[in-house]
Amino acid sequence: METSLTSTANPPTSATLTIRIIKNFEYRTVKNLVLQNVNLESTTFNGISLIMNFFKAINSTPGFKPFRSVNYDTLKVYTKAHGTKSQNLVINLEHDDDWIMNNDQATLISYGLENETELSFFDLAAYQIYKTHPDVIKWD
Numbered sequence: 001m002e003t004s005l006t007s008t009a010n011p012p013t014s015a016t017l018t019i020r021i022i023k024n025f026e027y028r029t030v031k032n033l034v035l036q037n038v039n040l041e042s043t044t045f046n047g048i049s050l051i052m053n054f055f056k057a058i059n060s061t062p063g064f065k066p067f068r069s070v071n072y073d074t075l076k077v078y079t080k081a082h083g084t085k086s087q088n089l090v091i092n093l094e095h096d097d098d099w100i101m102n103n104d105q106a107t108l109i110s111y112g113l114e115n116e117t118e119l120s121f122f123d124l125a126a127y128q129i130y131k132t133h134p135d136v137i138k139w140d
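With the numbering used here, letter number 32 in the sequence shown gets 32, and the count goes up by one each step, no holes.
If you are wondering where the hints come from, they were derived from the structure by calculation, not from laboratory data. Where hints are given, some of them may not hold.
[To be verified] Here are the computed distance ranges between Cβ atoms for each label pair:
#, residue 1, residue 2, range
1, D98, E41, 15 to 23 Å
2, S42, T132, 36 to 44 Å
3, T8, I129, 32 to 40 Å
4, K56, H133, 14 to 22 Å
[As the list claims (entries may be wrong)] Pairs of lysine-lysine residues, derived as DSSO-like cross-links and limited to a Cα-Cα distance of at most 30 Å, are as follows:
#, residue 1, residue 2
5, K80, K65
6, K23, K56
7, K131, K85
8, K31, K85
9, K80, K31
Remember, it's a predicted structure, so these values are computed and weren't measured experimentally. Glycine included, every Cβ here is placed at the ideal spot set by N, Cα and C.
Model the full assembly from the supplied sequences, consistent with the hints where possible.
Set out below in structure tokens:
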């Protein structure tokens, strides 16, 4: 019996992505948003449907109410399906050069995204501050 990996179970035109919406790095305030049937071949980070899905969920879902005050402006790969995960539970501090999606017009598949990829959505200014002291956790 052959089993396929979950990263190849769905075609790139119908991928499932988990978006880790990060409100605060020091307090580890993170909530997941699962998007299904995302077309990785035609969707861009700045694509109206992707961004609208994020903000629609944040602004309409009661569980995201505390997350509405953040200026979300950056999307970064947290982990790819069947890849190694970061030791940091909030965000992957490595691969800033190639995993931060800073080209608004590039398709998601051009960043190497595949089915079951996890992404982080956050405020870049807060991330830059957090990178200077990632060992500080305020709720300990």
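Return the numbers of the hints above that this structure violates; sort them in rising order. As far as the earlier hints go, only 4 is violated by this structure.
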